[in-house]
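Trainee: Given chain A's structure and the hints, the job is docking chain B onto it.
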Amino acid sequence: MKNLEKLLKKKRKTITLLIGLIIGLYLLESSGLIRIIRSPIQSALVPLQLSLYKTRSDFQNFLNTIVDIRTLREGESSLRAENAYLLAENAKWKKLEAENKVLREQLGAKKIDKELIVAAVIGQDPLIASSEILVDKGSVDDVKRGELVVVEDILIGEVVAVGEVSSRVRLLSDAKTKIPAVSEAGARGILKGEFGNSISFDKVVQGEKLARGQIIFSSGEAGIPKGLVLGKINKVKNQPAALFQKADIQPLLPLDKLETVFIIKKR
Amino acid sequence: MSSVVTFLVLLIFLVLLQMAFWPVAFGLIAILIWFLLKGSKHTLFYNLIFSTLLGFVANIPIWIVFLATLVSFYLFVGARQVLPARLVTSVVLILASIFTWEISTLLFTRLLSL
Numbered sequence: 001m002k003n004l005e006k007l008l009k010k011k012r013k014t015i016t017l018l019i020g021l022i023i024g025l026y027l028l029e030s031s032g033l034i035r036i037i038r039s040p041i042q043s044a045l046v047p048l049q050l051s052l053y054k055t056r057s058d059f060q061n062f063l064n065t066i067v068d069i070r071t072l073r074e075g076e077s078s079l080r081a082e083n084a085y086l087l088a089e090n091a092k093w094k095k096l097e098a099e100n101k102v103l104r105e106q107l108g109a110k111k112i113d114k115e116l117i118v119a120a121v122i123g124q125d126p127l128i129a130s131s132e133i134l135v136d137k138g139s140v141d142d143v144k145r146g147e148l149v150v151v152e153d154i155l156i157g158e159v160v161a162v163g164e165v166s167s168r169v170r171l172l173s174d175a176k177t178k179i180p181a182v183s184e185a186g187a188r189g190i191l192k193g194e195f196g197n198s199i200s201f202d203k204v205v206q207g208e209k210l211a212r213g214q215i216i217f218s219s220g221e222a223g224i225p226k227g228l229v230l231g232k233i234n235k236v237k238n239q240p241a242a243l244f245q246k247a248d249i250q251p252l253l254p255l256d257k258l259e260t261v262f263i264i265k266k267r
Numbered sequence: 001m002s003s004v005v006t007f008l009v010l011l012i013f014l015v016l017l018q019m020a021f022w023p024v025a026f027g028l029i030a031i032l033i034w035f036l037l038k039g040s041k042h043t044l045f046y047n048l049i050f051s052t053l054l055g056f057v058a059n060i061p062i063w064i065v066f067l068a069t070l071v072s073f074y075l076f077v078g079a080r081q082v083l084p085a086r087l088v089t090s091v092v093l094i095l096a097s098i099f100t101w102e103i104s105t106l107l108f109t110r111l112l113s114l
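Protein sequence lines correspond, in order, to chains A and B. In terms of the UniProt record's numbering, the first sequence opens at residue 1 and continues consecutively. In terms of the UniProt record's numbering, the second sequence opens at residue 1 and continues consecutively.
Just so you know, the hints here were simulated from the structure itself, not pulled from any lab data. For clarity, every value in this text was computed on a predicted model and none was experimentally measured. From the three backbone atoms N, C-alpha and C, an ideal C-beta is built for every residue, glycine too. Some hints could be false.
[Stated by the list, open to error] Simulated coverage check for chain B against chain A, where a stretch passes if three residues somewhere in it have a Cβ under 8 Å from a Cβ of chain A:
hint : stretch
1    : 45-58
2    : 62-74
3    : 81-89
4    : 99-106
[What the hints assert, rightly or not] Examples of chain A residues toward chain B, derived with CB under 10 Å:
hint : residue
5    : Ile22
6    : Leu28
7    : Ser30
8    : Leu48
9    : Pro126
10   : Ser130
11   : Ser166
12   : Arg212
13   : Gly213
14   : Ile215
Chain A extracted, bound-state conformation (with noise of 0.2 Å):
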């Protein structure tokens, strides 16, 4: 104990001005004067960021060639039978959607288009238990916190923190994620993210039918618009004595390699 307190008092100045830094960089990030610095680091070490950003999917990629080389002939008829099926499938949703026009040009209802911002990936998240990506617009670009990023239909996650010129994206699979969603087959539930960087539908009601390879979409609540692809069914784990079924999900593209995306504007 009394080792202790000479301790203290010998380190009191160094303890005093880490508490000292640590409440000046508070206030310095609260009043917002930390921004002055901030933006041009941010924007010298963006093009550095995507570089190397591109350089390690380009090896990743390079990696995954040579490991999947083996197996590619096997995946390839499966592919074909794959590529067959939806191409049937995109015919008719091309006949579909040819017939939605024609029925809103009759109702004189007006297609909503979404604005939507491009940008590029530059980073990932700094932690490992955490799953997000770092992308190259900001609040230059007019992106605001709560914003959506997509691509294509397909939900990637939620603008959560806004930079001058880069912005944190956080993705579906990180445990924060919570959106409600419904199955192709009408199953309603929470779309949630896990830590391990995987995918779950949970809270499904025990009667409701579950199964591999059903598409999830988002359910139109929470502030997130309608039919927003979240992924597929990879698993039903289905345990008769629970009160809910869950599943698991499969993004439709891979997260961690994603190298454009879509922010669509909040009107």
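Mentor: Just chain B, lined up with the frame of chain A:
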């Protein structure tokens, strides 16, 4: 003086590496290795620079990163004084510090968003 400048350039590179390649606090590892090799001289300054750079690049409040870095750094320094000075001990302590940094950054960020 030149070693300080070289180390600062290395810190910039390591922060970018953390953001682009692998989410591990390489900058903190470098500071801990510097401490093992050259003692506590300049380490506070390096901790501040590392936290500032990472805060800027990752859009995280700098004081959170600085606080987490200090907790991890002084945990390492304290344990190093108590435990025997062996290579294995140092490696284990570096890993423990990285783990502490990860957990404390996550914890402080969560507390802030409450």
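Trainee: Does each hint fit the structure? Answer for all of them.
Mentor: Checked hints:
Evaluation of the coverage hint for the stretch 45-58 of chain B: fulfilled, as 6 residues show C-beta separations to chain A shorter than 8 Å, against a requirement of three. Coverage of a stretch by a chain is defined here by at least three residues with a beta carbon nearer than 8 Å to that chain's beta carbons; for the stretch 62-74 of chain B and chain A the count is 5, and the condition holds. Given as covered by chain A, the stretch 81-89 of chain B fails the check, having 0 residues with a CB less than 8 Å from a CB of that chain where 3 are the minimum. As drawn, the stretch 99-106 of chain B meets chain A at 4 residues by the rule of a beta-carbon pair under 8 Å; at three or more, the given contact holds.
For A:Ile22, the interface hint holds, since its Cβ comes within 10 Å of a Cβ in chain B; the closest pair sits about 5 Å apart. Annotation: A:Leu28 was flagged as interfacial toward chain B, and the flag holds, the nearest CB pair being 8 Å apart, inside 10 Å. Hint status for A:Ser30: holds, given a least beta-carbon distance of 9 Å to chain B, under 10 Å. A least Cβ separation of about 6 Å between A:Leu48 and chain B falls short of the 10 Å threshold, and the interface hint therefore holds.
Using the Cβ-Cβ criterion of 10 Å, the hint placing A:Pro126 at the interface with chain B is satisfied: the shortest such distance is roughly 5 Å. Because the beta carbon of A:Ser130 sits about 7 Å from the nearest beta carbon in chain B, less than 10 Å, this interface hint is met. Interface hint status for A:Ser166: upheld, as the beta-carbon distance to the closest one in chain B is roughly 6 Å, under 10 Å. Nearest Cβ of chain B to the Cβ of A:Arg212: about 31 Å, over the 10 Å cut. The hint is violated.
Residue-level restraint check for A:Gly213 is violated (minimum Cβ-Cβ distance to chain B is 31 Å; threshold 10 Å). The beta carbon of A:Ile215 comes no nearer than 30 Å to any beta carbon in chain B, farther than 10 Å, and the hint placing it at the interface is violated.
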